Amino acid sequence: MTALADVHNQVMWNRLISVVEEQALTLVRTAFSASVREAGDLSAGVFDREGRMMAQAVTGTPGHVNSMAAAVGHFIREIGEANIEEGDVYITNDPWLGTGHLHDITFVTPSFRNATLVGFFASTAHVVDVGGRGYGPDAHEVYEEGICIPIMPFAKRGEVDRGLIKIVRANVREPDQLIGDFYSLAACNETGHRRLMDMMDEYGLDGLEALRDFIFENSRAATLDALKAIPHGTAANTMTVDGFGAPVTLAVTLSVGPDGVHADYEGTSPVADRGINVPMIYTTAYTAYGLKCVLAPEIPNNFASLEPFTVSAPEGSILNAVHPAPVAVRHILGHFIPDTVFGALARLMPDVIPAEGAGSLWNIIVSMRPIPGAQAAPGETRQSTEVMMFNSGGSGARPTKDGLSATAFPSGVMAMPVEAIEHTGPLIFWRKEFREGSGGRGRQRGGLGQVVEIGADVGHHFHFNAMFDRVDHPARGREGGEAGAPGRVMLDDGTPMAAKGRQYVPPERRLVLELPGGGGFGPPEERDAELAERDRVRGMTDEG
Amino acid sequence: MSARVGVDIGGTFTDVALEANGALFVAKVLTTHDAPERAILDGLDKVLATAGVGFGDLGLVIHGTTLATNALIERRGAKTALLTTEGFRDVIEMRTESRFEQYDINIELPPPLVSREHRHVAGGRISASGRELLPLDEDAVARFAELAATAYESVAVGFIHAYANPAHERRARDIITERAPHLAVSLSCEVSPQMREFERFNTVCANAFVKPLMASYLARLDEQLKAAGTTCPLVLMHSGGGLIGVEQAIEFPVRLLESGPAGGAIFAADLAMRHGLDRVLSFDMGGTTAKICLIEDGTPKTARTFEVARTTRFKKGSGMPISIPVIEMVEIGAGGGSIARVDTMRQIRVGPQSAGSEPGPAAYGRGGESPTVTDADLLLGLLDPEGFAGGTMTLDTAAAAAAMVRDVGEPLGMDAHTGAIGVKEVVDETMANAARVHAVENGKDLAAFTMIAFGGAAPLHAVRLAQKLGIGRLLVPVGAGVGSAIGFLRAPFAYEAVQGVHVRLSAYDQRALAAAFADLAVEAEKVVKAGAPGATLSRTHKAYMRYRGQGWEIPVDLPDPDLSHEALMELFEAAYVTLFGRALEGIDVEIMTLAVRVASPVPAVEAVAPRRLERAVTGETRREIYDAGAGRTLAAAVVARDVLGPGEGVTGPAIVTERETTTIVPEGAEAVAEDDGSLTITLGDAA
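Taken in sequence, the protein lines are chains R and H.
At position 437 of the first sequence the residue is numbered 437 (the UniProt record's numbering), and the sequence of numbers has no breaks.
At position 7 of the second sequence the residue is numbered 7 (the UniProt record's numbering), and the sequence of numbers has no breaks.
Be a bit skeptical, because a hint or two may be false.
[As the list claims (entries may be wrong)] Here are some, though not all, of the chain R residues that point toward chain H, as calculated from beta-carbon distances under 7 angstroms:
| hint | residue |
| --- | --- |
| 1 | V11 |
| 2 | T30 |
| 3 | A408 |
[Stated by the list, open to error] Pair by pair, the computed Cβ-Cβ distance ranges are:
| hint | chain 1 | residue 1 | chain 2 | residue 2 | range |
| --- | --- | --- | --- | --- | --- |
| 4 | R | A82 | H | P110 | 52 to 58 angstroms |
| 5 | H | R504 | R | D351 | 52 to 58 angstroms |
| 6 | H | L505 | R | G163 | 28 to 34 angstroms |
[What the hints assert, rightly or not] So the derived list for chain R, only partly shown, Cβ under 7 angstroms to chain H, looks like this:
| hint | residue |
| --- | --- |
| 7 | A3 |
| 8 | Q10 |
| 9 | S18 |
| 10 | F32 |
| 11 | A222 |
| 12 | C293 |
| 13 | E298 |
| 14 | P354 |
| 15 | G412 |
| 16 | V413 |
| 17 | H423 |
| 18 | R538 |
Source of the hints: derived by calculation from the structure; they are not laboratory data.
These numbers were taken from a predicted model, which means no experiment stands behind them.
A virtual CB, placed ideally from N, CA and C, is assigned to each residue, including glycine.
Sequences and hints are given; from them, build the entire structure.
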């Protein structure tokens with residue numbers, strides 16, 4: 001009765017996806033890092049015994065799409081199949097073996113059933129601190145960016161490696177929080193394992209092979225069906241963005257065929273001497289995300305659904321940085337990869353692809369300090385605080401819809417409430433609202449950026465670490481649409497500030513960020529009169 | 001004891017439940033959308049006539065309604081303005097700056113309740129600690145008031161950190177009221193004094209948006225009830241599962257959101273107490289959605305915030321957040337009318353699109369062509385084509401089979417029966433996954449729970465759901481079709497007052513915290529005393545706490561508002577361990593929100609002692625049903641529920657039929673009728 005078996009396999013596939021979502025949820029709720037809980041900067045997945053991904057949670061960061069897949073393979077090779085035992089938990093944060101920078105800690109836990117290995121659970125979380133310079137683009141080599149934990153056991157047959165914990169604690173700024181996150185990672189894999197065992201009990205399974213084959217066959221077939229239905233051919237695109245110190249050109253050539261899509265980044269700029277470089281695994285993840293958004297959005301991510309999407313980039317280019325290049329803020333260029341890919345796809349499918357958007361999140365770390373000798377405001381205390389924040393510009397206009405204002409794409413980040421941020425220390429937001437007139441004009445308007453104005457409370461001053469882009473290179477429009485407004489970084493008296501790196505804001509001054517808007521789609525003169533009037537009434541178009 | 005009546009207005013039906021002289025009388029009439037009070041009066045007429053009771057004999061009319069929810073979903077409300085802090089005009093439109101659907105490049109975000117041209121600003125700023133950073137620009141407020149007087153019907157005021165210091169919002173109200181006394185003004189510091197501006201501003205906008213509508217409706221209802229001869233008070237069920245007077249309801253109509261489902265949870269909680277069940281999963285499945293709620297020690301789980309009016313497939317993030325105390329429920333787009341189809345991966349998907357009651361499932365023969373869950377149930381033998389809706393409707397098995405074959409069978413190479421098995425398994429799995437995730441979020445192991453199943457479709461699906469969740473015992477009450485209205489009769493007068501705070505335990509001041517709790521208790525008592533004068537009130541205290549640096553708070557029940565540092569720490573750690581398995585060391589703990597619930601006493605319930613199966617009724621007819629747990633088709637005994645006396649029951653496989661629904665008892669399980677008519681199902685090892 002194969003039809004009925006298919007029904008059961010389908011139900012179990014749904015269950016697996018639910019299990020990894022549960023795994024991810026556990027992490028989100030216990031993690032300390034703002035980027036995990038607000039930005040969903042984490043990953044959770046279940047793998048077969050060969051390390052091929054069967055299901056992965058949809059989280060806030062496409063940068064993790066399939067990124068653990070290679071990692072689990074590395075773990076199996078490094079530990080050695082014969083040494084994998086029940087009760088083991090493995091760890092790494094090696095950017096080239098894990099997920100692209102030291103701040104991501106990856107945990108892999110083998111799943112045993114009746115003393116036989118049936119698969120693996122893996123999870124990744126962006127942690128608060130890994131020592132080194134702290135999170136930012138300023139390092140020249142990865143050694144400056146923090147401690148690197150090679151692939152090794154975190155626990156062997158249930159015994160946690162105390163030596164590892166001691167070394168890590170001695171090398172980071174927030175040891176309690178980091179070790180807390182280690183245990184959260186281990187616990188969420190354990191949750192996944194327990195749910196899997198429940199499911200295997202319910203359906204009387206000893207192994208996952210049949211279910212894996214079902215998932216892979218259906219996913220592959222669905223992906224290939226989707227690829228058959230689109231125009232085939234080769235298309236190229238280049239996009240230049242600000243980079244750090246010098247502009248960076250991202251170049252891609254897509255070969256779209258019925259059996260797969262290959263993205264080749266030949267022609268892309270070489271590595272930079274600051275931490276904006278991108279390891280290959282992260283380039284692959286964002287490329288797959290961009291392609292899947294357009295070509296196969298409904299198909300869950302797994303080994304087979306992602307297999308038809310392949311990526312190459314010249315070694316030593318900024319999208320295939322090799323050790324010991326600094327890579328801490330690889331997300332900046334990573335976030336531009338989908339727009340780069342879209343530009344090539346637009347040549348094959350012009351009616352489907354949005355205009356360019358703000359792309360990279362405007363992440364900022366604010367370091368508030370009491371001014372020596374100065375008093376805090378009455379009733380307040382002098383305090384030091386580090387706050388990391390996410391802010392989003394406008395997304396590109398779509399062929400039939402305006403772009404989204406102050407909304408992240410491709411990242412799935414959630415901004416923290418202003419009221420919550422202000423509870424963390426002596427900083428005050430004086431403004432956080434739409435940046436009027438910043439959306440690129442077009443038949444469909446680009447999404448608006450936003451204006452953010454930040455100051456210190458009485459008796460404090462601050463440094464900030466900027467990770468902004470599209471100040472010199474705004475989001476381009478498509479099909480006759482105009483570019484979105486470029487970003488601007490300055491003080492409230494008009495003093496210009498740099499878009500990247502650590503800078504000082506004197507007391508009494510405020511930092512003003514004007515985030516870029518998205519590009520427009522289609523000629524502006526074709527814009528519907530009613531929509532134009534609505535924009536005017538709402539103050540969306542008039543630069544205020 | 002005088003007669004009491006509960007009235008629940010739903011999207012399709014208005015349910016009335018009357019309790020008089022120790023007996024329960026129910027009526028179901030069609031909702032009259034243009035003037036909902038008409039259906040109420042109509043339903044009351046019917047039920048009072050049946051019971052032989054007059055309007056003048058009523059001691060209390062308790063009302064719950066989805067009207068406020070529907071007004072938000074349909075964006076049918078007052079012309080509303082938001083007055084907010086200068087620099088923060090777009091908070092309710094910027095939302096969380098994220099997309100709720102990661103892979104949809106054509107995603108539409110839900111439009112804000114108050115669009116940008118109606119959002120006005122005034123200078124002034126309060127800090128996180130409640131300090132005035134910038135005085136209120138009173139001229140700007142006055143200019144706004146002049147404009148609002150003619151341009152708007154209702155005004156929401158939402159300033160940054162107003163929960164920490166409400167002075168600017170209150171002053172703004174004075175200025176507005178002075179210039180435009182006819183305007184309804186809602187303040188965020190009163191409607192939802194909690195931190196997080198998006199949620200709070202949206203909540204105050206929602207309150208302002210529905211206020212004039214609800215005020216006029218409630219006034220009309222009150223008037224017509226009096227004209228009909230009632231002399232008793234009209235009270236309202238609120239989303240937190242308690243009753244409030246009509247004046248509070250008019251002031252804070254946002255508290256009426258989801259009052260119908262809250263009634264359902266109270267209905268289940270009351271049953272749980274009668275049957276001595278301390279851990280219960282309530283499962284309410286109707287035509288379009290299923291709702292799941294955790295109930296422990298007779299108390300439904302509550303939360304401080306929820307989302308209404310989800311626009312896309314019930315997806316988290318696609319609706320609008322409302323931060324008020326609420327009975328926490330998981331809503332799944334799965335009901336009898338949910339439509340099944342096959343997606344690009346050749347997988348069966350069910351819902352959330354629903355055929356509703358019009359055109360309804362294919363089997364209704366009313367023009368519905370898509371296969372639904374009800375069609376699958378029919379094809380699997382779980383429904384009797386002749387006996388549907390008490391025999392008032394005949395189901396068309398051939399039409400159900402044809403729809404199932406066309407939309408599910410053919411694409412997958414299955415016959416109608418196997419397609420139906422797939423549809424039922426998928427919908428049951430979807431609900432089970434939602435329940436499982438909800439249990440995990442709350443650190444609960446469902447294996448120790450009993451399921452209470454009500455709503456038209458629940459008894460058909462409850463057993464399979466229980467099997468998937470490892471639940472071994474179920475209760476199917478009588479009156480399952482009007483559970484919410486009955487629940488209204490069981491609810492106490494109750495109100496939860498909530499306040500955002502910021503207390504670090506490293507700088508803890510026991511007296512200050514006790515004083516803050518006391519202030520909240522005074523506020524809540526004022527509301528409850530208005531509805532239940534003279535009652536002895538109980539207070540329960542809760543603090544929402546977290547490790548410093550975390551983004552989520554967890555609720556911690558406090559036995560006493562006056563606690564030492566050590567006692568608080570111990571309670572927090574115990575709650576944290578329950579949820580996450582282990583406590584952390586060396587990290588400061590902070591309290592972000594305080595909540596006090598004040599309630600009037602609930603009359604002691606009559607305990608229902610569990611019955612053993614003394615006599616198994618075998619029934620005269622048999623029907624072939626597909627038993628998903630056993631994985632095969634079995635001949636099941638068909639027994640009418642009303643022939644089962646206390647202690648009588650059936651052994652599976654069996655079907656227990658009644659007018660409103662059908663209960664499936666699988667192989668290896670048994671069902672026994674309790675003294676109150678409830679059926680208890682115990683699953684055997686075969687499950």
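Enumerated hints in conflict with the structure, sorted upward
Every hint satisfied by this model.
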